[in-house]
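S.K.: Work out the full structure: start from the sequences and follow the hints.
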Amino acid sequence: MSKFKKTAKLIIIASLIACFALVPGGISAEEAALTPAQEYAVKLAEQNKALTVDIASALGAFDEVGLAEYKSYVKVTEILMAAGFKVDQSAADIPTAVVATYGSGKPVVGIYEDYDSLPGVGHGCGHNLNTAAGVTAAIALKDTMQALGIKGTLKLYVTPAEEIWDVAPVVAGAGFYDGLDVLISVHAGTDNVSEFGSTMAMDHVEYKFKGVAAHASAAPQKGKSALDAVELMNIGVNFLREHLIQEMRIHYVITDGGAAPNVVPATAASRYFIRGPKYPDVIDAREKIDNIAKGAALMAGVELEIGFSSGIYNKVGNKTLALMAMDVYKAVGAPSFSEEDKAASAKLGFATVPTASFKEPTGSQSFGSNPIGDVTWKTPTTTVTIATWVPGTAGHSVEAAAQSVSAYGFSGAVAGSKVLAALAMKLFTDGEALAAVKAEFDEKMKGMPEYVGKAMIPEVAYAEAPGIMVDAAKGLLTVDGAKTAFEEKPGDKLLVSSMAGAKLAELVWGADAGQDLAIKLQAAVKAGERVKVSYVNAAKGYTWFYGYVHAK
Numbered sequence: 012m013s014k015f016k017k018t019a020k021l022i023i024i025a026s027l028i029a030c031f032a033l034v035p036g037g038i039s040a041e042e043a044a045l046t047p048a049q050e051y052a053v054k055l056a057e058q059n060k061a062l063t064v065d066i067a068s069a070l071g072a073f074d075e076v077g078l079a080e081y082k083s084y085v086k087v088t089e090i091l092m093a094a095g096f097k098v099d100q101s102a103a104d105i106p107t108a109v110v111a112t113y114g115s116g117k118p119v120v121g122i123y124e125d126y127d128s129l130p131g132v133g134h135g136c137g138h139n140l141n142t143a144a145g146v147t148a149a150i151a152l153k154d155t156m157q158a159l160g161i162k163g164t165l166k167l168y169v170t171p172a173e174e175i176w177d178v179a180p181v182v183a184g185a186g187f188y189d190g191l192d193v194l195i196s197v198h199a200g201t202d203n204v205s206e207f208g209s210t211m212a213m214d215h216v217e218y219k220f221k222g223v224a225a226h227a228s229a230a231p232q233k234g235k236s237a238l239d240a241v242e243l244m245n246i247g248v249n250f251l252r253e254h255l256i257q258e259m260r261i262h263y264v265i266t267d268g269g270a271a272p273n274v275v276p277a278t279a280a281s282r283y284f285i286r287g288p289k290y291p292d293v294i295d296a297r298e299k300i301d302n303i304a305k306g307a308a309l310m311a312g313v314e315l316e317i318g319f320s321s322g323i324y325n326k327v328g329n330k331t332l333a334l335m336a337m338d339v340y341k342a343v344g345a346p347s348f349s350e351e352d353k354a355a356s357a358k359l360g361f362a363t364v365p366t367a368s369f370k371e372p373t374g375s376q377s378f379g380s381n382p383i384g385d386v387t388w389k390t391p392t393t394t395v396t397i398a399t400w401v402p403g404t405a406g407h408s409v410e411a412a413a414q415s416v417s418a419y420g421f422s423g424a425v426a427g428s429k430v431l432a433a434l435a436m437k438l439f440t441d442g443e444a445l446a447a448v449k450a451e452f453d454e455k456m457k458g459m460p461e462y463v464g465k466a467m468i469p470e471v472a473y474a475e476a477p478g479i480m481v482d483a484a485k486g487l488l489t490v491d492g493a494k495t496a497f498e499e500k501p502g503d504k505l506l507v508s509s510m511a512g513a514k515l516a517e518l519v520w521g522a523d524a525g526q527d528l529a530i531k532l533q534a535a536v537k538a539g540e541r542v543k544v545s546y547v548n549a550a551k552g553y554t555w556f557y558g559y560v561h562a563k
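With positions in the sequence shown counted from 1, the corresponding number in our numbering is that position plus 11.
There may be inaccurate statements among the hints.
Unchecked claim - Using C-beta positions, here's what the derived DEER-type ranges look like:
(1) D295 / A446: 29 to 37 Å
(2) K117 / E350: 41 to 49 Å
(3) A270 / A93: 53 to 61 Å
Derived from the structure by calculation, the hints contain no laboratory data. Virtual Cβ for every residue (Gly too), placed ideally from N, Cα, C.
M.R.: Pasting the structure below:
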């Protein structure tokens with residue numbers, strides 16, 4: 012017997028002993044198809060279910076919308092750093108984007124989750140459950156890799172603002188998904204199923220026109236109507252529809268249509284969503300629509316400016332990975348719901364709990380768009396839906412939000428953590444399975460254009476960095492210790508700079524840490540000027556790009 016075979020045999024035996032030690036009675040019938048390494052990871056995820064519930068409950072209570080997930084960010088990053096992960100603070104210069112890494116070398120397996128809530132609804136998409144499952148799974152995997160000597164790199168992506176802005180594509184464009192072999196995720200829902208379908212690629216564009224104002228009745232000849240250009244553009248686009256492929260979807264709203272009928276509008280604007288089954292389809296339509304906008308401006312005698320412009324790619328499904336995920340999910344077992352869970356459901360007015368049955372995956376075309384599409388152009392990906400809500404629950408509803416902070420919603424998150432742990436461990440340890448996943452990806456990407464990140468996040472999307480204020484008139488930086496997301500200690504720093512990088516202030520905390528403070532700025536700023544704020548944690552040795560504030 013070779014040294015390698017002896018080592019492998021010892022690892023397997025050690026794994027089996029550890030698994031039997033973890034749970035009296037050994038491997039359950041539902042988990043019989045799992046390998047010893049998978050079983051080990053699943054048991055660790057189960058043992059950490061209190062952590063899953065803690066994270067899901069906390070994020071649910073924080074209820075933070077896109078790009079304002081400050082408390083959630085601190086909660087997640089502190090847990091990951093304490094567990095031994097290297098955390099890229101404010102990944103891609105997005106204050107609440109998290110990328111955590113453990114290990115080195117190949118294979119590189121990633122877990123992706125979101126953690127923003129819905130404005131006015133709460134966690135109606137269950138992102139608190141998704142992230143709780145992802146964090147616990149990552150910790151279980153890291154501990155399994157250490158215990159069993161499994162090589163590779165594990166990455167966890169916790170992404171803000173999935174509901175309202177294209178953050179995942181920005182993170183992808185910054186290179187954080189480069190070198191990734193495979194990416195997996197779980198998502199709250201009403202079914203137990205994986206997916207390999209596609210979504211629509213999309214460009215999100217603002218067309219702004221500038222004309223000349225005049226009295227619409229007394230001197231119309233002196234005016235140049237920007238609104239005329241908007242309307243002419245819309246007419247042109249509507250005639251364009253019959254010359255595009257059937258699957259294209261184009262929709263628009265007029266965001267600036269003038270203020271009074273008796274004034275020729277000097278400004279007008281419209282915002283377009285241009286969708287197609289693949290990004291090259293969008294590129295083709297976008298070029299035509301841009302030309303229509305230029306023609307409309309010429310006809311109306313006004314100027315055109317293409318303002319905000321962002322793009323996301325279609326999702327490239329991976330059937331091999333989706334079916335593998337489904338097999339793993341069935342081996343792990345669907346969520347089991349206790350009497351406490353049933354009582355929680357009844358209290359919410361439901362007659363049942365989420366389903367324990369499985370659906371078979373399909374590769375259907377969705378006519379919606381999803382920012383994760385960009386990532387699927389860089390690495391094979393699948394998402395496993397976990398039944399966390401009772402059948403018939405609509406996503407993005409108050410009913411879904413209520414269930415996402417319920418006892419049985421948390422049980423679903425625990426199940427999700429085990430599915431992620433088992434699936435990732437298979438991808439780490441089964442080279443043939445991973446090779447098959449990558450082979451399908453390579454085949455689908457043949458002939459496709461090189462990925463180029465198109466997404467952007469507008470300035471107005473970012474929340475003001477909490478607890479920080481810049482007073483332009485007084486030349487002061489003020490810190491409200493009760494409102495900051497970080498817990499400053501003596502020796503920590505707060506750095507404020509202009510958008511160009513010029514230093515405006517440096518605050519070093521001493522015994523006054525945690526108190527309200529005000530210091531003079533080192534240079535003048537104008538009211539409305541945007542500045543950058545960073546927090547330096549001296550003890551832990553990291554710098555967090557904390558965000559932006561506008562001088563008052």
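S.K.: Any of the earlier hints contradicted here, and which numbers?
M.R.: none
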